[in-house]
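Student: So the sequences go chain by chain: S and X.
Number 26 in our numbering belongs to position 26 of the first sequence; there are no gaps in the numbering.
Whatever position you read off the second sequence (first residue = 1), add 1000 for our numbering.
Among the hints, erroneous ones may be present.
As the list claims (entries may be wrong) - Below, simulated BS3-like cross-link-like pairs (lysine-lysine); rule was C-alpha separation at most 27 Å, straight line:
no., chain 1, residue 1, chain 2, residue 2
1, S, 113, S, 34
2, X, 1062, S, 34
3, X, 1034, X, 1062
4, S, 112, S, 60
5, X, 1326, S, 113
6, X, 1326, S, 112
7, S, 60, X, 1326
8, S, 39, X, 1326
9, X, 1034, X, 1066
10, X, 1066, S, 34
11, S, 39, X, 1062
To be verified - Have a look at the derived ranges for each label pair, beta carbon to beta carbon:
no., chain 1, residue 1, chain 2, residue 2, range
12, X, 1307, S, 36, 37 to 45 Å
13, X, 1046, S, 101, 55 to 63 Å
14, X, 1285, S, 97, 39 to 47 Å
15, X, 1285, S, 56, 55 to 63 Å
What the hints assert, rightly or not - Residues from chain X shown here face chain S by an in silico Cβ test under 8 Å; the list is partial:
no., residue
16, 1018
17, 1153
18, 1243
Calculated from the structure, these hints are not laboratory results.
Predicted, not measured: the structure shown is a model, and the values here were computed from it.
Every residue, glycine too, gets a C-beta built ideally from N, C-alpha and C.
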Amino acid sequence: MLLHDYIPILILAGLAAAFAIGTVLLSFLIGPRKSGDGKLDPYECGMPPEGDPRERFNVKFFLVAMVFVIFDIEIVFLFLWAVIFQQLGVYGLLEMAVFIGILIMAFAYVWKKGVLEWASRTNSST
Amino acid sequence: MTELSLAIYAAVRIGVIFSAVMTVVAFLPWIERKLIGRFQQRFGPYRVGPHGILQPIADSIKLVFKEDIIPNNADRVLFVLAPTLALITAVMNLAVIPFGPTFELFGISFGAVQVADVNVGILYIFGFASLGVYSLFLAGWSSGNKYSLLGGLRSSAQMFSYELSLGLSVVTVLMAVGDFKLSEIVLSQEGGFWNWWIVSPKWFVIPGLLGFFLLLVSAFAETNRLPFDLPEAETELVAGYHTEYSSMKFAMFFMAEYINMIVASSIVTTLFLGGWHAPLPYEPFVLAPGWMWFAAKVFVLLFLFIWVRATLPRFRYDQLMNFGWKFMLPLALFNIFLAACCLLLADRFAL
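Isolated chain S, as found in the complex (with noise of 0.2 Å):
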């Protein structure tokens, strides 16, 4: 019985694929194609490109993708915590607050450290 409800996704997947991969092939097959001096060179506003286009960039990103995981996962529990909240009432709510009250002490050591600034003096590439 459950299985039965993902049949209609299992077709909406379908047509959702044909559709982009049609898409794709129809402006492949209908547009033109003509060579030209440097047209096929990334785009740097007409000026010959400089360097390497995947240069490294600002390790704040990778911080930020950590941070992002500890919390969506803290997202997943509370997900499964509010769906049961009104038969575990007060109880649950309690439990909640000593889970969350350590996920924002991390938060607070991450704000502390500056992991979350963006703007700060030393980088200039964001």
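Put chain X on the given structure of chain S with help from the hints.
Tutor: Below, chain X alone, put in the same frame as chain S:
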């Protein structure tokens, strides 16, 4: 019912919903340009067809006949995969949205106006919304262009950050309803706007309003709309992650963005604005079919998307991240406790 008849009914529903949404997606850019024009005291598109209504068709025909460029530096497989993924994930999100109650035509019941009423509704939406991040990042990475890479990085960091407050804002509704199923969430808001979750958590109002605000702002950020359109900030990054894209691949990113706007509006409608319920449970209001109310609410929210775009300037990137982490996230956590206390109080005094 046999599986074959199930599949046929599903195919009919998918056909109707998919074509309806794609029609809206086709004309949404026209509506947006027209409205932005009015906001800026000009007419907007006016030449193609009456009041420029055929403009989207002309644009798409033009895009199909444009050259499909894959730059030298690009990772060819990922470069093609990125827009495909963007479009597929956007369309897949339409599957669980409850557009309306059971629909009857000529005495035949076609079931609810919803592709599939799965029991993990909300989680499904979050799953595919998260997959959408891949498409932006892959686009940025595979293009082999500095601007694209920065745009892709920025967009992934931005969408991570706002996904947190998005998830947390939904928790307030889940606490009140106790079910992931979107149709259940809509049914729980029956009987007048005072039962919608924007007002309710059993009439203490504030948690609902805050949750609505948090969800709306996060939805703006997740769909990369102004004032959060940093991934494609024209003044700094040319066009961000889709700088190198041309022809229909470029159009696919735009289609995905507009579908995501519709999905986001639908989610806000479903969770906080009563879904397909009429605002007042009395005669003239309840006569209109549910999907009309749903569409009306979605269009009001879409108008809001455009209105905000015309009103607010773009955030600076550090402002954006600060706002997400230092304002939205603590506020969302606080709101969950507020909602929990309100619900427990309401339960205690049996309001």
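Student: Are the hints correct? Go through all of them and say.
Tutor: Each hint tested on the structure:
1. S/113 - S/34: Given that 27 Å is the threshold and the Cα spacing comes to 53 Å, the pair is violated.
2. X/1062 - S/34: Holds. Residue 1062 of chain X to residue 34 of chain S sits at ~17 Å (cutoff 27 Å).
3. X/1034 - X/1062: This hinted pair holds, its Cα atoms lying about 20 Å apart.
4. S/112 - S/60: Holds. Residue 112 of chain S to residue 60 of chain S sits at ~15 Å (cutoff 27 Å).
5. X/1326 - S/113: holds, 14 Å
6. X/1326 - S/112: holds, 12 Å
7. S/60 - X/1326: Distance of about 16 Å is within 27 Å: holds.
8. S/39 - X/1326: violated, 44 Å
9. X/1034 - X/1066: Satisfied, since the Cα-Cα distance of roughly 25 Å is no more than 27 Å.
10. X/1066 - S/34: Roughly 11 Å separates the two Cα atoms, so the pair holds.
11. S/39 - X/1062: With a Cα-Cα distance of about 20 Å, the restraint between residue 39 of chain S and residue 1062 of chain X holds, given a limit of 27 Å.
12. X/1307 - S/36: 37 to 45 Å: holds, 42 Å
13. X/1046 - S/101: 55 to 63 Å: Hint holds: Cβ distance 59 Å, inside 55 to 63 Å.
14. X/1285 - S/97: 39 to 47 Å: holds, 41 Å
15. X/1285 - S/56: 55 to 63 Å: holds, 59 Å
16. 1018: holds, 6 Å
17. 1153: With a closest approach of 5 Å, the residue 1153 of chain X hint holds.
18. 1243: Since chain S brings a Cβ to about 6 Å from residue 1243 of chain X, closer than 8 Å, the hint holds.
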